[in-house]
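K.L.:
The chain contents come next:
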Amino acid sequence: MIVANRKPFEEIMEMLKSYTKILLLGCKECVTVCSVGGTKEVEVLASEIRLARAKEGLPVEIKEYTLERQCDPEYAAEIKSFVNDYDVVMSMACGCGVQTVAEMYHNKYVVPGVNTTFFGSSEEQGVWKEMCQGCGNCVLDKTLGLCPVARCAKSLFNGPCGGSQPGGACEINKDIPCVWQLIVQKMKDMNMLDKYMEIQPMKNWSTSRDGGPRKRVREDLKI
Amino acid sequence: MSTGSNLEKVLKSGAFAVAAECGPPRGADPEVIRKKGAFLKGYIDAVNITDNQTSTVRMSSFSASLILKEMGFDPVMQMVCRDRNRIAIQSDILGAAALGINNLLCLSGDHQSFGDHPSAKNVFDIDSIQLIQTVKMMRDEGKFISGEEVKGKPNLFIGCAENPFADPFEIRAMRLAKKAAAGAQFVQTQCVFNVEKFEKWMEMVRDLGVHEKMYILAGITPYKSIGMARYMKTSVPGMDVPDEHIERLKSVSKEKVAEEGVKICLEIIERVRAIKGVVGIHIMAIEWESIVAEIVTAAKLYPRP
Amino acid sequence: MDNFEPQIVAFCCEYCGYAAADLAGSMRLSYPANVKIVKIPCTGRVDIVFMMKAFENGADGVYLVGCLEGNCHFLTGNLKARKRMEYVKKLLDECGIGGERVAMYNMSSAQGQRFAEVAREMTEKIKALGPNPAKQRTAVSG
Numbered sequence: 001m002i003v004a005n006r007k008p009f010e011e012i013m014e015m016l017k018s019y020t021k022i023l024l025l026g027c028k029e030c031v032t033v034c035s036v037g038g039t040k041e042v043e044v045l046a047s048e049i050r051l052a053r054a055k056e057g058l059p060v061e062i063k064e065y066t067l068e069r070q071c072d073p074e075y076a077a078e079i080k081s082f083v084n085d086y087d088v089v090m091s092m093a094c095g096c097g098v099q100t101v102a103e104m105y106h107n108k109y110v111v112p113g114v115n116t117t118f119f120g121s122s123e124e125q126g127v128w129k130e131m132c133q134g135c136g137n138c139v140l141d142k143t144l145g146l147c148p149v150a151r152c153a154k155s156l157f158n159g160p161c162g163g164s165q166p167g168g169a170c171e172i173n174k175d176i177p178c179v180w181q182l183i184v185q186k187m188k189d190m191n192m193l194d195k196y197m198e199i200q201p202m203k204n205w206s207t208s209r210d211g212g213p214r215k216r217v218r219e220d221l222k223i
Numbered sequence: 001m002s003t004g005s006n007l008e009k010v011l012k013s014g015a016f017a018v019a020a021e022c023g024p025p026r027g028a029d030p031e032v033i034r035k036k037g038a039f040l041k042g043y044i045d046a047v048n049i050t051d052n053q054t055s056t057v058r059m060s061s062f063s064a065s066l067i068l069k070e071m072g073f074d075p076v077m078q079m080v081c082r083d084r085n086r087i088a089i090q091s092d093i094l095g096a097a098a099l100g101i102n103n104l105l106c107l108s109g110d111h112q113s114f115g116d117h118p119s120a121k122n123v124f125d126i127d128s129i130q131l132i133q134t135v136k137m138m139r140d141e142g143k144f145i146s147g148e149e150v151k152g153k154p155n156l157f158i159g160c161a162e163n164p165f166a167d168p169f170e171i172r173a174m175r176l177a178k179k180a181a182a183g184a185q186f187v188q189t190q191c192v193f194n195v196e197k198f199e200k201w202m203e204m205v206r207d208l209g210v211h212e213k214m215y216i217l218a219g220i221t222p223y224k225s226i227g228m229a230r231y232m233k234t235s236v237p238g239m240d241v242p243d244e245h246i247e248r249l250k251s252v253s254k255e256k257v258a259e260e261g262v263k264i265c266l267e268i269i270e271r272v273r274a275i276k277g278v279v280g281i282h283i284m285a286i287e288w289e290s291i292v293a294e295i296v297t298a299a300k301l302y303p304r305p
Numbered sequence: 001m002d003n004f005e006p007q008i009v010a011f012c013c014e015y016c017g018y019a020a021a022d023l024a025g026s027m028r029l030s031y032p033a034n035v036k037i038v039k040i041p042c043t044g045r046v047d048i049v050f051m052m053k054a055f056e057n058g059a060d061g062v063y064l065v066g067c068l069e070g071n072c073h074f075l076t077g078n079l080k081a082r083k084r085m086e087y088v089k090k091l092l093d094e095c096g097i098g099g100e101r102v103a104m105y106n107m108s109s110a111q112g113q114r115f116a117e118v119a120r121e122m123t124e125k126i127k128a129l130g131p132n133p134a135k136q137r138t139a140v141s142g
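Protein chains in written order, with the numbering used here: chain A, 1 to 223; chain B, 1 to 305; chain C, 1 to 142.
Everything labelled a hint here was simulated from the structure, so no lab data went into it.
These figures come from a predicted structure and were not determined experimentally.
Certain hints may be false.
As the list claims (entries may be wrong) - Only pairs whose alpha carbons sit at most 30 Å apart, straight line, appear in this in silico DSS-like list of lysine-lysine:
id : chain 1 : residue 1 : chain 2 : residue 2
1  : A       : Lys40     : C       : Lys83
2  : A       : Lys17     : C       : Lys90
3  : A       : Lys129    : A       : Lys188
4  : C       : Lys127    : A       : Lys129
5  : A       : Lys7      : C       : Lys39
6  : A       : Lys108    : A       : Lys7
7  : B       : Lys197    : A       : Lys215
8  : B       : Lys69     : A       : Lys142
9  : A       : Lys174    : A       : Lys186
10 : B       : Lys276    : A       : Lys188
11 : B       : Lys197    : A       : Lys188
12 : A       : Lys108    : C       : Lys89
13 : C       : Lys53     : A       : Lys28
14 : B       : Lys121    : A       : Lys129
15 : B       : Lys151    : A       : Lys186
16 : C       : Lys53     : A       : Lys40
17 : B       : Lys213    : B       : Lys197
18 : C       : Lys90     : A       : Lys28
19 : C       : Lys39     : A       : Lys55
20 : A       : Lys80     : C       : Lys53
21 : B       : Lys136    : B       : Lys213
22 : C       : Lys127    : C       : Lys80
23 : A       : Lys55     : C       : Lys125
24 : C       : Lys89     : A       : Lys174
25 : B       : Lys233    : B       : Lys300
26 : B       : Lys153    : B       : Lys143
27 : B       : Lys233    : B       : Lys69
28 : A       : Lys174    : C       : Lys80
29 : C       : Lys39     : A       : Lys17
30 : A       : Lys174    : B       : Lys121
31 : C       : Lys90     : C       : Lys135
32 : A       : Lys174    : B       : Lys143
33 : A       : Lys7      : C       : Lys80
34 : A       : Lys195    : B       : Lys233
35 : C       : Lys135    : A       : Lys55
36 : A       : Lys174    : C       : Lys90
37 : C       : Lys90     : A       : Lys55
Unchecked claim - Quick list of the computed label-pair ranges, beta carbon to beta carbon:
id : chain 1 : residue 1 : chain 2 : residue 2 : range
38 : A       : Asn5      : C       : Glu100    : 22 to 32 Å
39 : B       : Leu99     : A       : Ser122    : 12 to 22 Å
40 : C       : Leu79     : B       : Gly209    : 52 to 62 Å
For glycine and all other residues, C-beta sits at the position ideal for the given N, C-alpha and C.
Kindly produce the complete structure, drawing on both the sequences and the hints.
P.N.:
Set out below in structure tokens:
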């Protein structure tokens, strides 16, 4: 799912500085799964904001509301009846959600409460790691299910580089495994080490973000 | 098929080659390079010029290579994949060849987080092996990556680097074989301190027949101080510095540390020369270019052919 | 600040914390009336939001009393509670209320003395910190 981090509290308070009536909008999908923007987190942030404002003796009125998803206009439409009662909408969803709401409520100031970071999976409870970069042309068959684009710091297709650490860490961060070491290990375990000798061709990046913002249309699904 | 490269000439002749490295300045003053060049003149067959090494901004390898070329050197221009996409890469390859540079060392490049501009965007459009393929394709087939014709083929002697001491150890020789298959003609290894491990790696390399497909130059770095040895041991990814060396440096008086460092260096040179498949050395005397002359002479590698 | 009497909420687990409080009562040990006890089945039941809401509603201090580590009746509830309390400390520092106002103590049901001691300790600590800064300020002339 999409993983995000809550913005630092000072940054949040700075964005909300001039506003009294705040709509804090959560999302029940990805940001709930990574515990940063679901119903619970909206509740906790609202509490923090109220305490901080009360400390300054400044008024605040916060409505806490969590949508099924913020990236679908049908759900974003749910807040239509009350969104204008609030001066600002702080969305705790990923960038997709923030923008869908901002687009729908053209005259409303919609701000992000989280920093959207990566597509990832859970490693264990409370730990999520980056797994996919949305390059648009999946090569996981060539690397036995381990992605060199997202998980190699240099996106090497013929790795590992000379900095791959003993013990399996990437040279830039000892907490990140060198994915090429994992790929080689898997090749060894599956008796496919000869696959390593194949020179992987250059990637066509035009299917990824480098080719420009992307769109997908299914004509058969359009109403 | 030959290039105008002096390094290639020396290697082809069967003589033991000597290359050295020159780090460009963090400024626009060409005198810095000329001074370093002056230390090296006559003692080496080719000089490498690093490309924003450790992701720290320096005068470009391309321009520094030209300054050294003017002094009569045969520069080995280095190119990393970190900062340029394939368009800029191919463009620089054409430019380098046009200006008479004969050698290109193809590298992935250190990640930008190590350097002085960690907020920079990460390019890595292609990797070092694909870069080697690109140079070969432009030179031999006269084709760009797009498949279109290169009007005026760049005639470059293609080099690469390899680290015998990085993990996973078992595939390090295989990776070199991949580079040879891609078109690399010579390799300069990461500096060798742990000679036993290097010998083991060379054995694996010979098993794959790579020593017959490319010229292998062993990387050599003299210890200037105990601090430097320790730093390389603990803080530089992919370096294998034996404790025994640090003990030796500690065992002599402070004024004699550099001398001991040179002694260890000469011992290493002698041992790697004896390894089958090693046909030269690449001296990386970081910020100590003045010592190269002494090392080359003491190793009985002076004068150069 | 001399006549500041803090309002402190103590979430006490039924098996140890509350039992210790009960024992303190039976032993006729006195502890400050500032401490308002809330009985819960296990400190693991305490949500981050309970602690935040307590402060929002005017508490000057909040603490949890759970079983000794390793002896939680529900095995690991008290360990989770501690992690949540640490998280709340961080949130309170962030929003300017002060993480020192929240704490957790572990004791057995036999530790009536300890219960009273902790109640006194927490009351003294919060007294020294002053009232919850989020409480409505009194009129300027005060």
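K.L.:
Starting from lysine 129 of chain A, check that the Cα of lysine 188 of chain A is at most 30 Å away, please.
P.N.:
Holds: lysine 129 of chain A and lysine 188 of chain A sit about 24 Å apart, inside 30 Å.
K.L.:
Going straight from one Cα to the other, do lysine 174 of chain A and lysine 186 of chain A come out at no more than 30 Å?
P.N.:
With a Cα-Cα distance of about 20 Å, the restraint between lysine 174 of chain A and lysine 186 of chain A holds, given a limit of 30 Å.
K.L.:
Holds or violated: lysine 55 of chain A with lysine 125 of chain C, Cα cutoff 30 Å?
P.N.:
Between lysine 55 of chain A and lysine 125 of chain C the Cα gap is close to 20 Å, so the pair holds against 30 Å.
K.L.:
CA of lysine 127 of chain C to CA of lysine 80 of chain C, is that 30 Å or under?
P.N.:
Cα-Cα ~28 Å, so holds.
K.L.:
Mind checking the alpha carbons of lysine 197 of chain B and lysine 188 of chain A for me, to see if they're no more than 30 Å apart?
P.N.:
holds, 22 Å
K.L.:
Checking one constraint from the list: CA of lysine 17 of chain A to CA of lysine 90 of chain C, max 30 Å. Satisfied?
P.N.:
Since the Cα atoms of lysine 17 of chain A and lysine 90 of chain C sit roughly 21 Å apart, the hinted pair holds (cutoff 30 Å).
K.L.:
Tell me if the straight-line CA distance from lysine 90 of chain C to lysine 55 of chain A falls inside 30 Å.
P.N.:
Distance of about 17 Å is within 30 Å: holds.
K.L.:
Within a Cα-Cα threshold of 30 Å, do lysine 121 of chain B and lysine 129 of chain A meet the stated pairing?
P.N.:
Holds: lysine 121 of chain B and lysine 129 of chain A sit about 21 Å apart, inside 30 Å.
K.L.:
Holds or violated: lysine 174 of chain A and lysine 121 of chain B, Cα atoms, limit 30 Å.
P.N.:
Roughly 21 Å between the alpha carbons, so the hint for lysine 174 of chain A and lysine 121 of chain B holds.
K.L.:
Against the 30 Å threshold, does the CA-CA distance of lysine 7 of chain A and lysine 39 of chain C hold or violate the hint?
P.N.:
Given that 30 Å is the threshold and the Cα spacing comes to 35 Å, the pair is violated.
K.L.:
Regarding the pair lysine 127 of chain C and lysine 129 of chain A, is the alpha-carbon distance no greater than 30 Å?
P.N.:
With Cα atoms ~44 Å apart, lysine 127 of chain C and lysine 129 of chain A exceed 30 Å; violated.
K.L.:
CA of lysine 197 of chain B to CA of lysine 215 of chain A, is that 30 Å or under?
P.N.:
violated, 52 Å
The structure fails to meet hints 4, 5, 7, 8, 12, 15, 27, 29, 32, 34, 39 from the earlier list, while all remaining hints are met.
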